[in-house]
Each structure stands twice: as C-alpha cells, then as structure tokens.
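If you're matching them up, the sequences are chains Y and L in order. Per our numbering, the first sequence starts with residue 1, numbered consecutively. Per our numbering, the second sequence starts with residue 1001, numbered consecutively.
Do not rely on the hints blindly, as some may be mistaken.
Pairwise CB distance ranges (calculated) [claimed, not checked]: (1) Y:TYR203 to L:SER1018: 44 to 50 Å; (2) Y:LYS60 to L:LEU1198: 45 to 51 Å; (3) Y:SER116 to L:GLU1201: 44 to 50 Å; (4) L:LYS1014 to Y:ASN94: 25 to 31 Å; (5) L:LYS1014 to Y:PRO239: 42 to 48 Å; (6) L:GLY1103 to Y:ILE2: 53 to 59 Å; (7) Y:GLU227 to L:ASP1233: 54 to 60 Å; (8) Y:ASN115 to L:ASN1189: 52 to 58 Å; (9) Y:ASN202 to L:ASN1189: 42 to 48 Å; (10) Y:GLY87 to L:ASN1189: 50 to 56 Å; (11) L:THR1040 to Y:GLU231: 31 to 37 Å.
Keep in mind the hints are simulated off the structure, nothing from the lab. Where a beta carbon is used, it is the ideal one built from N, C-alpha and C, also for glycine.
Protein chains: 2
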Amino acid sequence: MITMISSKDNEKVKYTKSLLKTKNRNKENKFIIEGYRILTLAIECNVDLDYVFINEDFEKKKEHLDFINILNNKNIKIYKTTNKIFGELIDTENTQGILAVVGFKNRDIDNNIKNSHKFVLILDRIQDPGNMGTIIRTADAAGVDAIINLKGCVDIYNPKVIRSTMGSIFDMNIIHATQEDTLRVLKNNNFEIVSSFLNTENYYNEVNYKDKVALVIGNEANGVNDELIKESDTLVKIPIYGNAESLNAAISSAILMYEIKKSLV
Amino acid sequence: MITMISSKDNEKVKYTKSLLKTKNRNKENKFIIEGYRILTLAIECNVDLDYVFINEDFEKKKEHLDFINILNNKNIKIYKTTNKIFGELIDTENTQGILAVVGFKNRDIDNNIKNSHKFVLILDRIQDPGNMGTIIRTADAAGVDAIINLKGCVDIYNPKVIRSTMGSIFDMNIIHATQEDTLRVLKNNNFEIVSSFLNTENYYNEVNYKDKVALVIGNEANGVNDELIKESDTLVKIPIYGNAESLNAAISSAILMYEIKKSLV
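Required output: the full structure, derived from the provided sequences and hints.
Put into structure tokens, the structure is as follows:
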C-alpha cells in the first residue's frame, strides 16, 4: 500500500505543497495535518484522511510501523518520499516524518447554530496562530457548542493553529460568518451577547449571566470592534491586581469561558 | 553617545553574543532583552540597562529617534552595528533593530518569601518558553506575590520567555529554590499547598481555599511530581466538559490563579 515518490515534480507532491497556502486550502477545502501525535488523534476521532505522506525515516520506529498497519487496515493510501521532498511539504524544521491531507466542510451559521446551543464563542480578528489554536482547545474543554470566526481571524487550517488545538480542530463546531449574520442568528436564538471590554465597571465574576451566552473575544491589540461592543448586552472585564498591563487573549478567553460555564451547567 | 562597531570580533559583540546561552547568562548574571516594545517597558519599569545595541535601520523611524534621546538623557551607552552583526546577537528573524543587556539578581527563598505574602505560585518543570512567559505575565496580573521555580523549569531569561512576559519579567518576584527548601519555607509560613492533579474528585471551584495559598503547576506532559503531590494539602482539578483531553499548562494555571485570588482579595 506504500507508493514511492522520488521526484519533486510529482503531481501529488505539487498538490500537497500547494495546500501550505490559505488561498489553495480554501479553493480545495483541504488542509494538511503534520506529526505523529496529531495523526493518531485524527484516527481516534475517526477523521477521514485523504492520503498520507511519510519520509524515509518514519518507518524506523516500532510504534510508527504499528501505525502504518492501522492506516493499511483502513485502506488509506500512503506515499513515501525523500526527507528533502517531505521537508518541502511542511512548515516546521523538526519533523516526525508523517503528514496527512484532510478535507473540511464550511459550516454556515444558519444551519450550525442550533436552538439547543447554550454557549457560543465569537472571535473578532484573533491574529496569532498559537492563540487561535489554544482558544479552540480551551473552548472544546469548556463545553462551548460553537465557535464563530468573524472576518479577519487567522486561518484555522494554518499548521501552527492545528498543532495548538491538540486535536480539538477535529471536534469543534467552527463557523465562519459575517458580523451581521452572527448578530441576527444569535439574537433570534435569544443569546446574551457578552463582550470582554476594558472600559467597563463590571467584573466578569460579579455578573449574573443568562442561560444562553455568546462570549466575544477581541483582537490581541485592539479588543472587540466598536459596533460589536454597541450590540453587546453585557460588557465585562477581568481585574488586574498586579503591574501587568493586560492578559494574553487566549488566557482571558479561558478565564471568561470557565466562569460563564459555571452558570450554564 | 553612539559608538560604531563594524567588526564581529569586537569584544562587546562577542560578550553580548555569549549571553544567548543559558550557561553564560548564569555566569554573568546578565540577559538580553530585544525589541522596541520590551525596551520601552524596561524604561517605564526603571530597569537599569547596562548598554544598548542598535542596527543600521533602527534610527529610520521618528519614534525610535525619540527613544534614542531618552536613552541619551539617561546616559545609557549605545553601540551601533551592521544589520548582519546585529542579527547574530538575537534569536529572531524579524527584528526592530534594538536590544539591551540587563543584569539580574538571584533571589533566595528565605529572604524573598515574606510573612505578608498570601499567594505564591510554584512551577514544577515547566518546559515550554511560551508557557513560562505567559504564566509569569498572568501571575503578575493575578496578584501573585512570588513565583518559585523548581529545578527543571526552562530558563526564565530565555528570549522567548522574556517576550511572552510582556514586561512582567521586570516586576515579578521570581525565586529559584529546591523542592525541599520550598516546602520548608512555605509550611513555616502557614501556606496551604494546592496542586493541580487529574486524579482527584475536587473541582477547583468547589474548594474553600485558606487565606494563604501556594498553587503548584506541573510539567506539561507529566503534571506535578509524586512527592509534591504527597506533600500537598489540597488537590484540585478543572472539569473538562467537551472532547479535549486536557488544557494547556498556561491556561489551567490562569483559571486556577484567578479562582484562588477571589478568596484572597
């Protein structure tokens, strides 16, 4: 089941390499996952892998050979190539020598926010891939029903985002929508829109949250945009007790998510 | 006040470059801070800068020239060098072209845990520089009085750690101590030792914390070590509501710090 590829001009190599760019990922609705750990998570989550690439070194470890058997049992096509060509298909320097190409569906807001949903996270121009991945992972842990990414967020299929999600990229209900559609759907579904905002007197732990909450987390440098602040039902801030000027966006979203979750359980 | 250096064999260049290594930083008790933002934070915090290096491009921006004036008014020695030599003094690819060398003091546990302290954070083998920096920044925000780094933590003067602290490296009372000394001093000072631990029934938000808490955060992969778990007064866990296997160490420390702080305010 393993096919050798030794030319960098091979079509499969060229196609895979093209998926390192956001533009091509969006055209093809495909993305790359890289590394042994994330591939095992993908298999555990029953993610359909289109195909797998390994390099010359991958089969040197016993646990990797067992994993090849699992892929073979699932009839997943495996291509083996040189370390050099493999290196061109990934964005990291240290590699375990395995990647897979996976398809994704674009989820629209009207069909993916359900009446039963109680907890939604709205992300407004989150820029840092590590923050985005960590926020997705934390939202999964905190029992968030859907994440809505507004325009201007970093691509969630960026390899650094995927690594930071630690597998939650495969589970989470992540929607891309305009701010207008987001507000329409959430208001129709009776969500309380809660934004983190520095210029408010409301501390996040002194608010009585409603039974359906949409929490908005803003851009790392500029916070939540003005229009979304105006449309919010509740503004909250996290106190700073020491000398730090602010909290990291992933950290503040985690503190808020876990506090709000207490009132929804 | 600006001295030109054009040779990579210059003693100041060689000395500064040597500080990229942990071993040399510890021998000299000096570290490098890099980037315009962190240097402005250092000046705001009244940190003593030993000297500054800039590259050929730094003076092209108006705000940078103003900053040079501030440095001149403080009689801080500035060395200007080529972009190529400057590039060898830093660990990043994108640079704003400014760095400073700063001294640090080693803080011992007996003199730096005070009887008035109420909230201490103990870090057990935190490995990832981004996590370490974010934990220091969050601890500063959450009003932690001291951070105790046990053996096996990443060097806090690693450039990636410093960047992630966003200036809190200059403010925080960070102590390096053995586990034995840490337990002795904290127990003598009547701290409740609280460890995050997966195999407990205690949820972090259902515990009545005492009025002096030392929170222990463990290694990213392996958690808190066995002996420290045995010596802990209280074990707590954060619930996972979704499919995520775990939380990132910086995220879980933030959720716990802000929850514990509520009972200490």
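**Prompt:** Which of the numbered hints are not met once you compare them with the structure shown?
**Reply:** Violated hints (numbers, rising): 2, 3, 7 and 9; every other hint is consistent with the structure.
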